[in-house]
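J.: Starting from the structure of chain A, add chain B with the ligands where the hints point.
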Amino acid sequence: MIIPFVDLKTQYQNLKPEIDKAIEDVISKTMFIGGTYPEDFEKAYAEKYGVKHCISVGNGTDAIYIALKALNIGLGDEVITTSVSWIATSEAISQTGAKVVFVDIEQDSLLIDVSFIEKKITNKTKAILPVHLYGQPAKIDKIKELCDKHNLYLVEDCAQAHFAEFKRQRVGTFGDIGTFSFYPGKNLGAYGDAGGVITNNDELAKFMRMFSRHGSLVKHQHEIEGINSRMDAIQAAILSVKLPHILDWNKQRFDNACLYNKHLKDIKEISLPKIMADVSHIFHLYVIKTDRRDKLQKFLDEKGIQNGVHYPTGLPFLKAYDYLGHKEEDFPNAFNEPKKILSLPMSPELTEEQIIYVSNAIKEFFEK
Amino acid sequence: MRFIDLQTQYLEYKTEIDAQINDVISNASFIMGSKIEELEDILANYVGIKHAIGCASGTDALLLALMTYDLQPDDEIITTPFTFIATSEVISFLKAKPVFVDIKEKSYNIDPKQIRNAITSKTKGIIAVDIFGQCANYDEINSVAQENNLFVIEDAAQSFGAEYKGKKACSLTDMTCTSFFPAKPLGCYGDGGMVFTNNDKKAEKLKSLRVHGKGSHKYDNIQIGVNARLDTIQAAVLLAKFPHYKKEIELRNQKASYYTERLNDCVITPHVCAHNLSVYAQYSIRAKNRDQLQEHLNTKGIPTAVHYPRPLHLQTAFSFLGYKKGAFPISEKVSNEIVSLPMHPFLTEKDQDKISEEIISFYS
Ligand SMILES: Cc1ncc(COP(=O)(O)O)c(C=O)c1O
Ligand SMILES: Cc1ncc(COP(=O)(O)O)c(C=O)c1O
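Protein chains in written order, with our numbering: chain A, 3 to 370; chain B, 3 to 366.
Excised from the complex, chain A in its bound form (with noise of 0.2 Å):
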């Protein structure tokens, strides 16, 4: 038996009629960049949100970009990121010419640990990065109170946690921006690269929708230099199909995750996911961790179960960021965590059966 580590195809089956229409109806109108099918996706996006903007972008790494461009983050500001994430979170940052400056993360959540950011603020910083990984928010109430403290910008990566909660309020609404992804893979995804961010401040909307159309709201007419990043009219109209599903499909990744827990929760050499207090977790990933990972990866590969690790290295000690010259002691949580960790196939679509096997493949693993 194959599992996917994340079932596109099934998914695609159920809503074949409505997202066919949605693309043929694209295409008859010929309308592929621009107008109503991202400008319906915005508003509906921003509405069942709860906030006043959503503009559409390329994808989550530009949404990053974005959003610090119009903070006005540049060449001598400093940005406090996580130290585990996808490279788009610290990348974004170095694209704007700012200094990236990570915190370690909390062993347990793998989140970042809110204890160390304080030490890290400089006079040359500017605002705070969290990344809600995996789905699960990070503690942003106590950012937030770091932020509104030393007078810094919020803006969070949501890329991971559409809908997810802190305390019965959803990530993206704490600070000035949030950012998403809805990279085929996300939790909500189109069928190719596409992005947004929310906000409720009338002007940063303003910037973001012109920036990122090369700095023009009238064709021909730009007030600013900017980028071309939008969100293609297809992928928008893919979305719309899907934002009506999110809020059950990231309960059905909940209701998997705890059926993950109940098969696999008597195995002494793995720890499970932790669920942090006041958090509402919505399971983008479901990331166990055990000290003999490789092992039980290549055992799982053989057994057709996909698995993926998410990030093998802590962001600190890629290649790409050599030059900030960071060690080991910086950051021992994000040195030594990403070598135990190992996500297990996680969809909406998973079954009980396709989790018993994989738990079943995980015992026999360690029985052996």
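If you are wondering where the hints come from, they were derived from the structure by calculation, not from laboratory data.
Where is the CB? At the ideal position from N, CA and C, for every residue including glycine.
Hints may be right or wrong, so weigh each one.
Facing chain B, a subset of chain A residues (Cβ under 10 Å, in silico) [stated by the list, open to error]:
#1 Ser96
#2 Gly99
#3 His152
#4 Gly187
#5 Tyr193
#6 Gly228
T.: Just chain B with the ligands now, with coordinates in the frame of chain A:
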């Protein structure tokens, strides 16, 4: 009447386009699927260049190409002010400085002689644009570049398939870029673009930069990059359209000749040099009382567009460069007179007759 008729084109190729898109969706291979490489191979072969690298847009293609040159702040790049903003936007995006030089009065392409005068000790490269689908004068541009040790990027966003002295656009300089924006001669169904180069090292670097500066595998990030991939769905659309493209270029040229025969006496029609084959991304005329003409055509149901109403040196976004009105007289004059007429392979003679008659009657 449509300015560009993508509907008719879709209906003509519907079976192939639908099948290609379905293929991508049913395999759920949306990111960097095998169709990307298939398209890259086909198009590299078509233009006669070793490497083709799909990108998220024509702007990103230019950006990635330029990133491979490791520009330093204050490096100067010479380019034309008579183009879409993307051409120079990417220069300042990388903190380098765009230096504009004027265009030739007939082709609207950058004037190689003026490039020579604009070179300083800080000049690193040139971005030439093949405006409206006609290649710039690359023999001269490349020789100025060689003499001064500069790189040249061909912005072929509007000229994919065009020819210069028998060679294909996108093969005329060190690095070349095109756009598959839907309205371009070869367009996809969203944003898309491509870079071409014979340089192995640059190709490798560019492929890494395109996907977050990756090294040997996805999570081995060796440099700061961007996310600028061509969507597989868009590659699929291009795979369906490309086999028809040769015929479309012929049709575009036929439509252009048909216009020119009718309009030659009354407006300035496009001038394509004898050694060039244009793909007519735009069929643009220069007309007296342009705004009134546009208004007149509009009331008759004829869509037109102005490429470009304001040269880049006069855009607010570039005011920091300090150029004044009058700095580039030809670009400024052309911007005031230019207007593009409906142009696509499915334009009918009936429509062309109507358009021509309305223009002639406006002036008589
Ligand atoms: C935490 C995080 N930030 C940013 C991104 C970037 O999103 P995208 O791939 O759409 O550019 C991703 C996803 O890839 C992500 O997981
Ligand atoms: C000359 C020129 N350069 C660059 C671009 C940018 O291409 P894209 O719109 O695909 O980003 C365009 C088209 O818009 C163009 O006409």
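J.: Is the shortest C-beta separation between Gly187(A) and chain B less than 10 Å?
T.: Interface hint status for Gly187(A): holds (8 Å vs cutoff 10 Å).
J.: If you take the shortest Cβ to Cβ gap from Ser96(A) to chain B, is it below 10 Å?
T.: holds, 5 Å
J.: Hint Gly99(A) vs chain B: min CB-CB distance below 10 Å?
T.: holds, 8 Å
J.: Can His152(A) be said to touch chain B, with a Cβ gap under 10 Å?
T.: Hint on His152(A): violated, closest Cβ of chain B at ~26 Å, above 10 Å.
J.: Does the nearest C-beta of chain B fall within a distance shorter than 10 Å of the C-beta of Gly228(A)?
T.: Holds, about 7 Å.
J.: Next item in the hint list is Tyr193(A). Is there a CB on chain B closer than 10 Å to its CB?
T.: holds, 5 Å
The structure is inconsistent with hint 3 alone, although it conforms to all the rest.
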